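From just these sequences and the hints, can you work out the full model?
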Amino acid sequence: MGNVRMPESEITNLDQQLQELVIEICRHPWGSLARQKGITKLIGLIQQSHRLWRDTHAGYEDALQQTWFYVCRHLCEAATGAKYDPEQSSVITWMNGYLKYRLLDLKQQDAIDSQKRVFSRQTDTGEVLDPIDQVPAKPEQVPILEEVVDWVQRECIQLRRVHIRDRPDVNCEVLILRRLLPVTPWEQLSREFRIPVATLSQFYRRECLPRLVAFGRSQGYLDAEP
Amino acid sequence: MTLSIPITPLARQTARTFAEQQPDTEKAKQVYLNTLAVWIVNDYLQMLGTETDLKGSDSWNPIARLCADIADLKLWGSNRIECRPVLPGQRVCTIPPETWEDRLAYLAVQIAETEREGILLGFIPEARQSTILLHEFQSLDQLLERLHAIPVVIRLSQWLHGAFESGWLAIEHLISYRETPELAFRTRQVRGRDPEVPENVSVLVKQLYREHCLSENNLDSIALPSDPQQALIQLLQTATNEELRWTAAEILWTIDPSNPAAGVRRMTDLGLQLAGQAVALMVAVLPQRGQRLTVLQRVYPMGQQPWLPPGLQLSIFDETGKLFRQAQARQRDNYIQLKISGEVGEEFTVRVELDGVSITESFMI
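In the order they appear, the protein sequences are chains C and H.
Under my numbering, the residue at position 73 of the first sequence is numbered 73, and the numbers go up by one with no gaps.
Under my numbering, the residue at position 341 of the second sequence is numbered 567, and the numbers go up by one with no gaps.
Since the hints were made in silico from the structure, they are not lab data.
Don't take every hint at face value.
Covered stretches of chain H, going by a simulated chain C footprint (3 or more residues, C-beta under 8 Å) [to be verified]:
hint	region
1	286 to 295
2	316 to 328
3	364 to 376
Using 20 Å as the maximum straight-line C-alpha spacing, the simulated SDA-like pairs for lysine to any residue come out as follows [unchecked claim]:
hint	chain 1	residue 1	chain 2	residue 2
4	C	K83	H	G275
5	C	K116	C	L104
6	H	K565	H	A449
7	C	K83	H	Q531
8	C	K83	H	E398
Estimated spans, in silico, between C-beta atoms of each pair [claimed, not checked]:
hint	chain 1	residue 1	chain 2	residue 2	range
9	H	Q433	C	Q16	54 to 60 Å
10	C	A34	H	V423	51 to 57 Å
11	C	Q109	H	Q557	50 to 56 Å
12	C	A34	H	L313	20 to 26 Å
13	C	A34	H	N560	28 to 34 Å
14	C	G44	H	G315	18 to 24 Å
15	H	P314	C	G220	37 to 43 Å
16	C	R161	H	F550	52 to 58 Å
17	H	F411	C	Q88	26 to 32 Å
18	H	Q433	C	S49	56 to 62 Å
Quantities reported herein were computed from a predicted structural model and do not represent experimental measurements.
Idealized CB from N, CA, C, for every residue including glycine.
Right under this line is the structure:
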């Protein structure tokens with residue numbers, strides 16, 4: 001029996017530690033340094049405990065992330081839902097309870113979706129496959145590169161005027177084009193122009209990037225709400 | 227201690243979309259990982275209540291991310307941090323020269339092979355070389371300390387563009403109707419009436435129009451729109467009397483909180499820092515003509531207590547530190563307030579004080 005009691009008391013010790021941490025966290029206002037450090041410690045301890053509910057559902061991370069947001073926001077105050085009540089349960093039990101509800105939501109949504117259509121990227125276990133190496137580049141769809149090259153050509157007179165001091169040959173037009181495809185490494189440009197990498201990249205950041213960013217905005221190239 | 231942040235399907239899908247805009251595979255992979263790293267750090271900071279501006283980041287600008295190896299996350303004001311992806315097994319973090327400036331911190335984010343979690347490994351405050359050993363990175367606690375050490379000047383003109391400093395939250399985040407119905411009720415009162423009740427709104431609107439006609443010396447000719455919302459918006463756009471405009475804005479905050487005509491308001495919880503009394507500072511901003519803004523500062527009691535502690539002072543100081551305006555809570559004041567207006571760029575400080583303990587916030591219009 002002794003080896004059964006051991007982990008139980010460890011669990012109790014951790015719960016006790018978390019309970020005390022929650023009290024400490026709630027002594028400080030939301031957004032304060034002490035509150036943020038406390039929450040970071042709490043998340044770390046919960047993750048190390050390996051007592052978080054696991055699930056193989058493809059949307060598990062979504063449910064888990066919603067849960068972390070919920071936990072952080074409801075530990076000390078009621079925001080969108082009720083505040084955590086330490087009298088009722090340990091933090092981990094409370095968190096797992098919320099997580100299971102979010103997973104249940106996802107599974108119910110699956111049942112509705114499966115009646116509609118099946119996603120092509122999913123395996124038969126429902127897992128979404130997207131390894132990094134399979135990320136495709138589809139330049140033909142959004143010819144941003146061409147747009148930038150066209151813009152540099154249109155604006156070349158202006159862009160040539162902006163250059164590194166005493167080096168009219170190292171100007172915005174040249175650097176933007178050399179850093180576009182194929183990307184010339186900074187070290188190579190540094191050797192070629194005999195200018196330190198830090199100076200070149202500083203010029204690029206201060207003079208070239210803001211112009212590119214502004215061009216992006218003027219073209220309405222802004223990403224939609226994720 | 228390192229932290230693991232889940233990578234959601236939406237994060238992967240967004241990263242994939244950004245990657246697909248790139249002209250070749252290598253660049254696509256870079257953008258994919260950068261996007262995930264920024265997303266993960268954004269999630270972490272938002273969990274802690276730190277304001278971030280993901281869409282204002284260069285990494286979220288399609289041209290900038292094509293032309294630079296960039297993974298910045300914009301915070302409040304002009305502050306940015308760089309979120310560098312690291313793959314499992316890597317012992318160094320790569321920091322491209324185009325990100326060596328204008329960053330408060332460089333975070334290393336390990337993207338798991340499964341792409342289901344990101345691990346926040348730590349941060350360094352500065353970078354002047356392309357690769358840095360991961361064991362040189364400092365803890366997340368030190369990162370938080372660094373972010374809190376930035377002197378914050380709250381830029382009110384930016385509020386109108388939706389950019390808020392850390393700790394300044396929408397009223398609903400601090401005052402929950404469910405949790406503290408009494409407090410929610412008290413904070414929305416206008417001239418002793420609750421605008422949740424439609425009859426009260428029409429009474430208030432009629433009062434305001436009478437006063438509007440009087441103050442504009444225009445006794446009958448200002449038509450009152452039948453829709454109270456329209457009537458309030460018209461008042462906000464045409465009235466020159468600031469008191470009337472503020473009252474109209476206050477009613478609108480309850481009946482149509484997201485209406486841009488009512489300006490912006492945010493609140494910060496001052497906690498129990500003032501002799502154990504829980505109070506919050508609300509700041510509301512209304513555009514005036516031209517480059518001018520008018521600003522309302524109001525201190526509320528928080529939690530269950532209905533009144534402010536008597537003697538609590540709210541003061542505004544001008545750029546030179548000279549006292550400009552002051553208000554003091556009496557017995558049974560449910561709030562105290564001050565109003566000022568000024569041109570964009572003007573600075574002032576606000577102090578809330580009780581029994582010799584004070585909290586000061588700096589603002590720029």
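* Checking against the hints above, which ones are violated? -> 6, 10, 12, 16
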